[in-house]
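K.L.:
So the chains spell out like this:
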Amino acid sequence: MTAGNPATTGHPGSAAENQARWLIRGITIPGEGEQGARVTDMLLSGGSITAVESGLNHSGARVLDAEGLIALPGLVDLHTHLREPGREDAETVETGTAAAALGGYTAVHAMANTDPVADTAGVVEQVWRLGRTAGHCDVQPVGAVTSGLAGTRLAELGTMADSAARVRVFSDDGRCVSDPLLMRRALEYVKAFDGVIAQHAQDPRLTEGAQLNEGEMSARLGLAGWPAVAEEAIIARDCLLAAHVGSALHICHVSTAGSVEIIRWAKSKGWPVTAEITPHHLLLTDEFAAGYDPVFKVNPPLRTAADVAELRRALADGTVDCVATDHAPHPVEAKETEWAEAAFGMTGLETALRVVQLAIVDTGLLDWAGVADRMSVRPARIGRLTGQGIPLAVGAPANLTLYDPAAPAEAVVSVGASKSRNTPFAGMELPGRVVATFLRGVPTVLDGKLA
Amino acid sequence: MKRHLISAADLSRADALLILDTAEELASLADRPIKKLPTLRGRTVVNLFYEDSTRTRISFEAAAKRLSADVINFSAKGSSVGKGESLKDTALTLEAMGADAVVIRHGASGAAHRLAGWVQGSVLNAGDGTHEHPTQALLDAFTIRRRFTGGSGGPSPRGNTVGARGAGLDGLRVTIVGDVLHSRVARSNVLLLSTLGAEVTLAAPPTLLPHAVGSWPCAVSYDLDSELAKSDVVMMLRVQQERMTAAYFPSVREYSRRYGLDAARMARLPEHAIVMHPGPMNRGVEIAAEVADSVRSTIVEQVANGVTTRMAVLYLLLGGTEFPATEFPAVTR
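Sequence order for the protein chains is A and B.
Mapping the first sequence onto this note's numbering, position 407 (from 1) lands on 407, and the numbers just tick up by one.
Mapping the second sequence onto this note's numbering, position 303 (from 1) lands on 303, and the numbers just tick up by one.
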């Protein structure tokens, strides 16, 4: 096995392969506060940003008029289900990364709950190679924490770390590493290669058969409750474990106000804890389950308006580090059924940035520089990616997303690049539009379409 | 707005009274030598039962037949989604067969709601998971009204008297006892009886009450004994076998001791109070045999009233009434 980094040696956009240059005219680069934002031109060449200044002229370069658009460092998703291998009927690396590019992403972390599970070097390398072939964005495989996600013994974490896929994030996502001893060992073990354990916090006993946030809605609808405490108890335990062994813990899809409080406390102690939140938990509540449409069935479940408000604040103040989509495609038949029979999960890559604009930016909680931090810089840092999440400046890799926040709000359609249609936002009007995405200087999306 | 009956929450007070009053009209048929009405001749009612429930299926079947509808019984028991046909495909099949109404009993909460999105005909919820069982609540309300508003009105139980038309259940105190958490009967009854003006109290161990029960239109008590003396109606819920071993309570004996209705507890009820049970009963667990068989027990009456009430619902829905209803269609004789 050869060690390599998809961010620096990936084929699409590597200098040797593509010499096309792009001159992006009149782009707005957000900065800290209002005065920090500046309108400028930007030259992309050889996979990097080679110039950032007004009045740039470069003969031979292709020109993109970006007036009114903002530039963000290419978005990085810490939590994507690409479903390949095993469930190619729901999504493939090709279709999932196409959806990612259309959503403005230049890198995604592919979750391990495939079939076979990504718990060996062989599977993570396969996913990594499929990502390089597809070329719409970088695909960084996540390795399983336990063999077969069974929660009984550790997967070969070190071998996955040493593989060509260079795995650093490990997660049994979909299942919780509920055994406290196993969780402790996993946290300790990955210190050897600067790994991080991304926990799906869900006490299994407290959530047996759980269908919907335990509260007024679950009581009214007669659906088995998924109590907030089942998430919060695991987060509290794992924060204490992370502090005890001095290793990095990342909390997947935080969904309750109580979880935020615990994470805030852990961070105040200086403990190595990070956390993510999904777009759907920033916008939707359990009230959406009233019609029993399983497109709103997700794990962790949609919570209350009070939780949504607190999660928004937590993302804005940095208690929650980043937005991660938990893009979870499912075929039509998995959702066109009774609620209890339906699969958990929602797609999200193609709508994430627009949802964040609606929930966080247009509400005045966070500016675009903050969005760049929460959707690119911090997730790349948590995922230990080297060529992603780098602020837009001369010398940085030319990974960027051009976004039009002033685009008139349009209703979301369920059919996109993803193979699946289980978007909860179908029919909702969301602002903004991803105009272009560049991966190491090569457009993967232009004029809102795959390039 | 709605041509279905899926939740008791869909019924306004006027809707509920319309159904109860229609049921009273139809009940008078039972005294005739020929019990059948031609009203639904040529209409097809499908009983789609994913769970075994002989009593509910037979009740709906008798109701539809007395209205001269063609009845198709579709027992889909055991055909869980994993193995058999999906609910949607079954719905499309029934649709193609021209079902005017589908009566569905299903183990999943929301199944009736989902079905209503896939068929053109009316959907009647005959129990969906731990969600609702609205016709059970209607027949319970019908039974209570007959017992308490018959004759001159006011609390004077006289057995099978005729309920007063247009009367609600205002001020009557109903105590529902037992596994509220998993009970579709309790959910529908809390909604309907409170809509009709009754004061509902749930009496149960805290483990068998929904976490958010405080948002319901009823009172809550953990102590059955303190509720007995002020109850006009005590409704006992069945304790399902699978709850008995899942840490909801320490043992069946302890449950029975604290929340079972035995002769001693029955003696503490007001003289006029009645005892209800949706059936099937666990004699000796939630209700003692001497209580079930006492004169206060309305259990057999509830079964008879079930047919009448379901006739009223079928009659109204298939006759074009939408809930909430605006006018009172006369019963055709």
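It is worth saying that the hints were derived from the structure and are not from the lab.
These figures come from a predicted structure and were not determined experimentally.
Note that CB positions come from ideal geometry on N, CA and C, so glycine has one too.
Accuracy of the hints is not assured; some may be wrong.
Stated by the list, open to error - Pair by pair, the computed Cβ-Cβ distance ranges are: (1) A:G448 - B:A247: 39 to 45 Å; (2) B:K230 - A:G148: 45 to 51 Å; (3) A:D362 - B:D52: 49 to 55 Å; (4) B:G117 - A:G55: 28 to 34 Å; (5) B:G117 - A:E261: 38 to 44 Å; (6) B:I72 - A:E88: 38 to 44 Å; (7) A:D194 - B:S251: 35 to 41 Å; (8) B:G84 - A:P180: 38 to 44 Å; (9) B:G84 - A:E88: 49 to 55 Å; (10) A:E32 - B:E95: 58 to 64 Å; (11) B:E95 - A:G68: 28 to 34 Å; (12) B:G319 - A:A305: 39 to 45 Å.
K.L.:
Evaluate each hint against the coordinates.
P.N.:
Results for each hint:
Between G448 of chain A and A247 of chain B the beta carbon distance is about 54 Å. The supplied range of 39 to 45 Å is therefore violated. Checked against the hint of 45 to 51 Å, the C-beta distance between K230 of chain B and G148 of chain A comes to roughly 58 Å, which is inconsistent with it. Between D362 of chain A and D52 of chain B the C-beta distance comes to about 53 Å, which sits within the given range of 49 to 55 Å. A beta carbon spacing of about 59 Å between G117 of chain B and G55 of chain A contradicts the range 28 to 34 Å that was offered as a hint.
Distance hint check: the CB atoms of G117 of chain B and E261 of chain A are about 39 Å apart, consistent with the given range 38 to 44 Å. Under the hint 38 to 44 Å, the C-beta atoms of I72 of chain B and E88 of chain A, about 40 Å apart, fit the expected range. With their beta carbons about 53 Å apart, D194 of chain A and S251 of chain B fall outside the hinted range of 35 to 41 Å. Remark: the range hint 38 to 44 Å for G84 of chain B to P180 of chain A is upheld by a beta-carbon distance near 41 Å.
Checking the proposed 49 to 55 Å range against G84 of chain B and E88 of chain A shows it is violated: the Cβ atoms sit about 25 Å from each other. Range check, E32 of chain A to E95 of chain B: Cβ separation about 60 Å, and the 58 to 64 Å hint holds. At about 50 Å, the CB distance of E95 of chain B to G68 of chain A disagrees with the hint of 28 to 34 Å. Between G319 of chain B and A305 of chain A the CB atoms are about 41 Å apart, so this pair conforms to the stated range of 39 to 45 Å.
Violated hints for the displayed structure, listed by number in ascending order: 1, 2, 4, 7, 9 and 11.
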